[in-house]
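Q: Hey, can you piece these two chains together into the complex? The hints should help.
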Amino acid sequence: MKTQNQRAWFFVTPVLLLVAFNALIPMMTVVNYSVQETFGDNLFFWQGLDWFEQVLRSERFHNALGRQFLFTFLILIIEVPLGVAIALSMPKKGFWVPFCLVTMALPMLIPWNVVGAMWNIFTLPDIGLLGYFLNHTLGISYDMTQNPIAAWVTIIVMDVWHWTSLVVLLAYAGLVSIPNAYYQAAEIDGASRWAVFRFIQLPKMKTVLTIAVLLRFMDSFNIYTEPFVLTGGGPGNSTTLLSIDLVKIALGQFDLGPAAAMSLIYFAITLFASWLFYTLMTMNDNKS
Amino acid sequence: MRLKSLVPVIYILFLMLPIYWLVAMSFKTTNEILSGFTLFPQTWTFANYIDIFTDPTWYWGYINSIIYVTINSVISITVALPAAYAFSRYSFVGDKHLFFWLLTNRMAPAAVFALPFFQLYSAVGLFDTHLAVALAHCLFNVPLAVWILEGFMSGVPKELDETAYVDGYSFPRFFMTIFLPAIKSGVGVAAFFCFMFSWVEMLLSKTLTAVEAKPIAAVMTRTASSAGYELGLLAAAGTLTIIPGAIVIYFVRNYIAKGFALGRV
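Protein sequence lines, in the order shown, are assigned to chains A and B. Residue numbers for the first sequence follow this note's numbering, beginning at 1 and rising by one. Residue numbers for the second sequence follow this note's numbering, beginning at 1 and rising by one.
Just to be clear, a hint being listed does not mean it is correct.
Here are some of the chain A residues that sit facing chain B, going by a computed Cβ distance under 7 Å [stated by the list, open to error]:
1) 4
2) 6
3) 18
4) 30
5) 90
6) 98
7) 102
8) 103
9) 113
10) 121
11) 127
12) 132
13) 222
14) 274
Derived DSS-like pairs: lysine-lysine, alpha-carbon spacing no greater than 25 Å straight-line [unchecked claim]:
15) A:93 with A:206
16) A:204 with A:92
17) A:206 with B:4
18) B:4 with A:93
19) A:93 with A:204
20) A:248 with B:206
21) B:158 with B:96
22) B:184 with B:158
23) B:96 with A:206
24) A:92 with B:4
25) A:2 with B:158
26) A:206 with A:92
27) A:2 with B:184
28) A:204 with B:4
29) B:96 with A:2
30) A:93 with B:184
Hints listed in this document are in silico derivations from the structure and should not be mistaken for laboratory results. Ideal Cβ placement from N, Cα and C applies to all residues, glycine included.
Next up, chain B with everything else stripped away, as it sits in the complex (with noise of 0.2 Å):
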């Protein structure tokens, strides 16, 4: 019983390594770091992080991709909750087929993706907008946003919704105050999701985006490139990226387990 309970504890050792490593670098001194190893700080320095809060590429990064990821949730789960609505209480023509052509875009390699999403919202005239990024990761997230309300809908008993009809509810009116309600942990679990991937994700902010609405993790890569060895700063960087998902998490953290168990990812 001992053992098996310290299966988690060197899991999450493992896990933490890293982190640890990265937050540590982030407060060393940029002399510090290229003199030799050293397990903890010796001089603690604030110098990386002052640099990011002054810069504003730097902090314009985080705004920006706060942005973005902020209207992708919104557009994702205000377009996926009627048609989960659909595919969980209507049958109709070609509703599997759909549902599979939505979920394939999940499975669609964004390297495939990236040039001509490139050329398309530059014929559209929104490369380089918060709109454009947000728009494109609808791609994968709407469909995953479907696959989770719907999960949580069909968990709904049908006769709810009889009932409203027969007290004479209009549709808009039930779904607004009584549906909505009764899933309100899908819509926190789906919302979630929407927000972890759009954030995570890479590939097509870095190409959607020039200056305007640059997202942190492509102001990264620059300073990573040109500035050569600025350890410290993009430790600092990168530990202030985790932070978002960090509080994201601790809020929903009851509600993971029952979206897991939804097996709706």
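Chain A on its own, in the form it takes in the complex (with noise of 0.2 Å):
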């Protein structure tokens, strides 16, 4: 039981005016942007609502929002069950158990455009590893800079190279939590190693699970640097993702105005998605 203590605000106090100098004046500024039109000049015209509208209108945003989610569907459903499979086979004690999880953590502490450009030179076409394997080796033509499909898989690849090592380490985490009476238990009587799975490991992994589902979501659906540095959006649009759609249209074209109406839309759909993965969580707590 926590104590009704109402001077604790002061210790938040910090927090709360660091991170709203750094969430609210730009959001401020955003919502400014998305309701104006203007020329230069500091000159600006009130706009409404219009170009929220153009945004939910246009063409361009609908296939960025499909390519969108089509690349966060994607990743979710590969990386999720190939992290919770890694984590089941690893050793749970012993020396190999730093090894592993230091090797594996590895890829995530590259600066996201040195992953971009690591990849970039892993696929070049002739002189790539991964490329010239494909291409001289298997002989399937490989280039994707030409080819949607093999940008698409290439991009996908990568994400599962950098990011499937967190879901492994969470469910890792969750797995080991389980006191060995548990699996006794079982052994004794008789649980086949699918039941072992489904009434011991994934129960208690759930929570941990959640969080990876969760964060998996988030940084997928606002990953932006990794495919621009190794695609640029191409070939043509179809790699374009929302974010490097809305870098081009806000810094490349300076379209102002759609771009924080855009801005807006994107992070009203990202709230609401992880508001519904937190009153999941926070049910399930409740629960237990």
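A: Structure, rendered in structure tokens:
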């Protein structure tokens, strides 16, 4: 039971001020732009909700949003089961555990644009290790700057390479917290491998897996740097995800009004989905 | 059983292949890279690394990155400690809403904030300083630090606080000499994640700097676009950015699983 204490607000004030400075002021700027038209020289004209309407009706936005949902969906259905499978097959203790943890976490600590550049070098058709292997050893024609499917496969594999370890580490942490007595009881009952997974391991991993899904959702939905460095959104617009499109409109074309409206819609979608996850998570907490 | 232990081995091999290729490229001469495919460097060269360590634009990129990452971690942990204590020990008006609002900032796409951040930090005169990037990264690192630390603090029984007060400890003295040592692994994990997310972030740090505080990540994009195909140099610079992360993760390897186990990432 926590103590009722309103003076606790003093403790959270520094955090509040710092985050508010970084979040509220920029957010107000975005809101400002989203309802006005500007021709430079700090001249602004009231525009109402026109930009929102324009964005919501534009084919370009629908396409980018569609690609974004497809990307996030593929990431989740590949990385989560794969991560759980790898965590299940990792040793529980011994010399190899720290080795596995360190090497698996390594991709997550590489700056995002370096990840993009690394995969670019890795997949160059004639001098990249993967590109050369596919083109010259297997004889599959592969060039992600020409072929949209190849570009999609490459950004998906890159993200699997980059972030599956997060799911592995989370699932692994959930697994090692299961007391041995559970497994002994299952053995006495003659439970099958599947039953052990379904009724012992999966329920114990539920909380960490919810967090894994939530984090992977947020981060893959907001992804920008890695695909931008690797494909630049191409070939054509085939890998122009939501963030890439947003930066193109805001900093490339300097269409501040539509970009701001798009930002708010984008943020609202992320927020709504995250709220959904957060509610589900706290619902679980209350039950247990 | 044999088959099962092969899975992590294959996975780690998959993780290491692109990294190997980057490192191998960094030791090749430009001639060798452009003349065709070679699995290992035929003639080892350190020219790419020497270029980086003798050109101030390059090595200052590293120093700049390390400076703002350090400032960010210190600020994040310092402000997050009291806040996390408040969240873990007290209930107050609006606590749940505040906590969720903090977390929403972890969810904001960086692309949304790039332009307004540029204007905000230009307006307050911090543009192109290390402090600007450090403060901007607080947007997602402070909520994260609060979240991680709150988890660790809730694991410490409340009786510890009460006993200390009965023994006549003042709050600051209790916090510094008793409570902080009790959660030091939590502080380590939080600092590690602040370091990690500030080190890998690229869009904001690039937007908020021009010359004086330019991060290594931005130096790399400039080289890649202006000087054409200097793949060896690019690979060497990339290889060097992996090293700080590898060092940090080695030191916290035993805490990582614990940090993840609390589900506070």
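Q: Against each hint, give a clear statement of whether it holds in the structure.
A: Each hint, compared with the structure:
1. Hint status for residue 4 of chain A relative to chain B: holds, with the closest Cβ pair at about 6 Å, below 7 Å.
2. For residue 6 of chain A, the interface hint holds, since its Cβ comes within 7 Å of a Cβ in chain B; the closest pair sits about 5 Å apart.
3. Taking 7 Å as the C-beta contact cut-off toward chain B, the hint placing residue 18 of chain A at the interface holds, the least distance being around 5 Å.
4. A least Cβ separation of about 6 Å between residue 30 of chain A and chain B falls short of the 7 Å threshold, and the interface hint therefore holds.
5. Interface hint status for residue 90 of chain A: upheld, as the beta-carbon distance to the closest one in chain B is roughly 5 Å, under 7 Å.
6. Using the Cβ-Cβ criterion of 7 Å, the hint placing residue 98 of chain A at the interface with chain B is satisfied: the shortest such distance is roughly 5 Å.
7. A cut of 7 Å between beta carbons decides the hint on residue 102 of chain A: the least distance to chain B is about 5 Å, and the hint holds.
8. Annotation: interface hint on residue 103 of chain A holds; nearest CB of chain B at approximately 5 Å, less than 7 Å.
9. For the restraint placing residue 113 of chain A at the interface with chain B, the shortest Cβ-Cβ distance is roughly 5 Å, inside the 7 Å limit, so the hint holds.
10. Of the supplied interface hints, the one on residue 121 of chain A holds, with its beta-carbon coming within about 6 Å of a beta-carbon of chain B, less than 7 Å.
11. Given the 7 Å rule on beta carbons, the hint for residue 127 of chain A holds: about 6 Å separates it from the nearest Cβ of chain B.
12. This hint holds: residue 132 of chain A has a C-beta 5 Å from the nearest C-beta of chain B, less than the 7 Å allowed.
13. Restraint check, residue 222 of chain A versus chain B: the minimum CB separation of about 4 Å is within 7 Å; hint holds.
14. Because the closest C-beta pair between residue 274 of chain A and chain B is about 5 Å apart, less than 7 Å, the hint holds.
15. Of the pairs offered as hints, the one joining residue 93 of chain A and residue 206 of chain A holds, with about 22 Å between alpha carbons and a cut-off of 25 Å not exceeded.
16. At most 25 Å may separate the alpha-carbon atoms for a hinted pair to count; residue 204 of chain A and residue 92 of chain A meet this at roughly 16 Å.
17. Taken as a hint, the residue 206 of chain A and residue 4 of chain B pair is honoured in the structure, with Cα atoms around 23 Å apart against an allowance of 25 Å.
18. This hinted pair checks out: residue 4 of chain B and residue 93 of chain A have alpha carbons roughly 15 Å apart, not beyond 25 Å.
19. Taken as a hint, the residue 93 of chain A and residue 204 of chain A pair is honoured in the structure, with Cα atoms around 19 Å apart against an allowance of 25 Å.
20. With a C-alpha separation of about 16 Å, the suggested pair residue 248 of chain A and residue 206 of chain B falls inside the 25 Å cut-off, and the hint holds.
21. Straight-line distance between C-alpha atoms of residue 158 of chain B and residue 96 of chain B comes to about 20 Å, which keeps the hinted pair within the 25 Å bound.
22. Taking the CA atoms of residue 184 of chain B and residue 158 of chain B, the gap is near 17 Å; set against the 25 Å cutoff, the hint holds.
23. With a C-alpha separation of about 22 Å, the suggested pair residue 96 of chain B and residue 206 of chain A falls inside the 25 Å cut-off, and the hint holds.
24. Taken as a hint, the residue 92 of chain A and residue 4 of chain B pair is honoured in the structure, with Cα atoms around 13 Å apart against an allowance of 25 Å.
25. Only pairs whose Cα atoms come within 25 Å are accepted, and residue 2 of chain A paired with residue 158 of chain B is accepted, the gap being roughly 9 Å.
26. Among the hinted pairs, residue 206 of chain A with residue 92 of chain A is consistent with the structure: their alpha-carbon atoms are about 19 Å apart, no more than 25 Å.
27. For the suggested pair residue 2 of chain A and residue 184 of chain B, the alpha carbons sit about 22 Å apart, so the restraint of at most 25 Å is met.
28. The hinted pair formed by residue 204 of chain A and residue 4 of chain B meets the criterion: a straight-line CA distance of about 21 Å does not exceed 25 Å.
29. Taken as a hint, the residue 96 of chain B and residue 2 of chain A pair is honoured in the structure, with Cα atoms around 13 Å apart against an allowance of 25 Å.
30. Between residue 93 of chain A and residue 184 of chain B the CA atoms are separated by roughly 24 Å; this keeps the pair inside 25 Å, and the hint holds.
Of the numbered hints listed earlier, not one is contradicted by the structure.
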